[in-house]
Every structure is written in C-alpha cells, then in structure tokens.
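Protein chains in written order, with this note's numbering: chain A, 1 to 112; chain B, 1 to 114.
In case anyone wonders, no lab produced these hints; they're calculated from the structure. Wrong hints could be hidden among the right ones.
If we take Cβ atoms under 10 Å as the criterion, some of the chain B residues that face chain A in the derived model are [to be verified]:
# : residue
1 : Y32
2 : Q34
3 : Y36
4 : F46
5 : T68
Even for Gly, the Cβ is constructed at its ideal location relative to N, Cα and C.
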Amino acid sequence: NAGVTQTPKFQVLKTGQSMTLQCAQDMNHNSMYWYRQDPGMGLRLIYYSASEGTTDKGEVPNGYNVSRLNKREFSLRLESAAPSQTSVYFCASTNGPGTEAFFGQGTRLTVV
Amino acid sequence: SQKIEQNSEALNIQEGKTATLTCNYTNYSPAYLQWYRQDPGRGPVFLLLIRENEKEKRKERLKVTFDTTLKQSLFHITASQPADSATYLCALDPMNTGFQKLVFGTGTRLLVSP
Chain A
1 NAGVTQTPKF QVLKTGQSMT LQCAQDMNHN SMYWYRQDPG MGLRLIYYSA
51 SEGTTDKGEV PNGYNVSRLN KREFSLRLES AAPSQTSVYF CASTNGPGTE
101 AFFGQGTRLT VV
Chain B
1 SQKIEQNSEA LNIQEGKTAT LTCNYTNYSP AYLQWYRQDP GRGPVFLLLI
51 RENEKEKRKE RLKVTFDTTL KQSLFHITAS QPADSATYLC ALDPMNTGFQ
101 KLVFGTGTRL LVSP
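With the rest of the complex left out, here is chain A (with noise of 0.2 Å):
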C-alpha cells in the first residue's frame, strides 16, 4: 500500500519550458489535489478534483492545469514555466468531508 505516489521528486527547469507533474493514489480516494509550499507562505491550494471526472480552480491556478486521468491519477502541468513557480508541489487525496489528508512526498521544482 503505497499512498500517494508524486514524480519526479526534483526537476530543474528553464523558463519557458513545459512539464508534468505526476501523481497516483492507491486508496480509493474520491477526491485529490494539488498545493505548493513556499517558505513562509504554507501550502496553497493550487486545483483539486472533488470527484474523477471534475477539476477546479484553487487559491493560486494561474500558469498551470490539471488532467484527472481516472480515479487514480491527477497530474499537474506547467505550460511554460516561469521563476515564480519555484516551489515544492504536494498532491494529495481524501475520501470526503472530516477525512484526513494522505499527501505525496513532494517535487521540489526549480525554475531557472
């Protein structure tokens, strides 16, 4: 049972370039998300999918977009990276309401 499974772990990017982040649970979950996590900023949401088949907008979706695949996956894209996007992104899953929140190990990206 592994949880919430994010790769790569690290990536470089230049600006400009494109790529996809992505991510898998094994739990069942109806529900998944992107955040990223900056230093003295704490994680923010980035797009969440309630459901397969459904995506929305969080707290911070400019410069990206979000594919859930099936219920399993849900992949986050960067089209042309910039050096704001510096961060570390974490996906995570839930299976509703009052649940808790299984997160991946996190992808520390860097745009240069």
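Model the placement of chain B on the given structure of chain A, informed by the hints.
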C-alpha cells in the same frame, strides 16, 4: 479577510516539557479542524481531527482543544521528546459542504532540546 494564523517563530522547549502550539482563524466557521506534522523534505502527516462539538481530543501524548467562540485551537504535546521536533500545521475546511477543501496555516516549527 479569511486567515489562519500560527506563530511563525519557532518554539524551543526542553525535553520532558509540554509544548503548546496555537492556531487562530478569522472569518471561518469550520465544522472541524485538523492538525498535521511535517518533517523537512517530507509531506504533511495527519495527527488529529477535532469537531466543533468536541472541546478536547486526545491521542497518546497529543491533545487538541477547539474553542469556536475564541476561534482558536490549541495543540499540546506532553512529555516532549527530541523526536517531536518538526513543523506542525493546522488546517480547516471552510466550505462545510459535501466536498473537503482544506486550507492550511503556515505552521509552527517545534524544536525539542535534550
């Protein structure tokens, strides 16, 4: 505006003492509040959830209180150990709907010295 505030300064305590961390929120009416632990380079890990009708919740050396009048939650670690050193995050769901969308505080770093 809506805010969740945790003390941004690190809390330094000696081993064996009780650590108390504070989470204050403004302009939310959450049905429950959660606490997470985060170690460097790792994702947050769930610790406890407390509901609005619960005054206190305990799990081993951990205790959480929730005061909806003060809009505050306190997180206590009794008989603290160096292994308790980490950043602790509080989180709440502002929507109280059929879908959970957690909003997190910035976290408080706890350092327990031997």
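Let's test the interface hint: is any C-beta of chain A closer than 10 Å to that of Q34 of chain B?
With a minimum Cβ separation of about 7 Å from chain A (threshold 10 Å), the hint on Q34 of chain B holds.
Let's test the interface hint: is any C-beta of chain A closer than 10 Å to that of Y36 of chain B?
holds (8 Å)
Return the status of the interface hint for F46 of chain B: holds when the least beta-carbon distance to chain A is below 10 Å, violated otherwise.
holds (4 Å)
May I ask you to test the interface hint for T68 of chain B with respect to chain A, counting a Cβ-Cβ separation under 10 Å as satisfied?
violated (16 Å)
Interface hint compliance - Y32 of chain B to chain A, C-beta minimum distance less than 10 Å
Interface hint status for Y32 of chain B: holds (6 Å vs cutoff 10 Å).
This entry does not satisfy hint 5, going by the numbered hints stated previously; all others are met.
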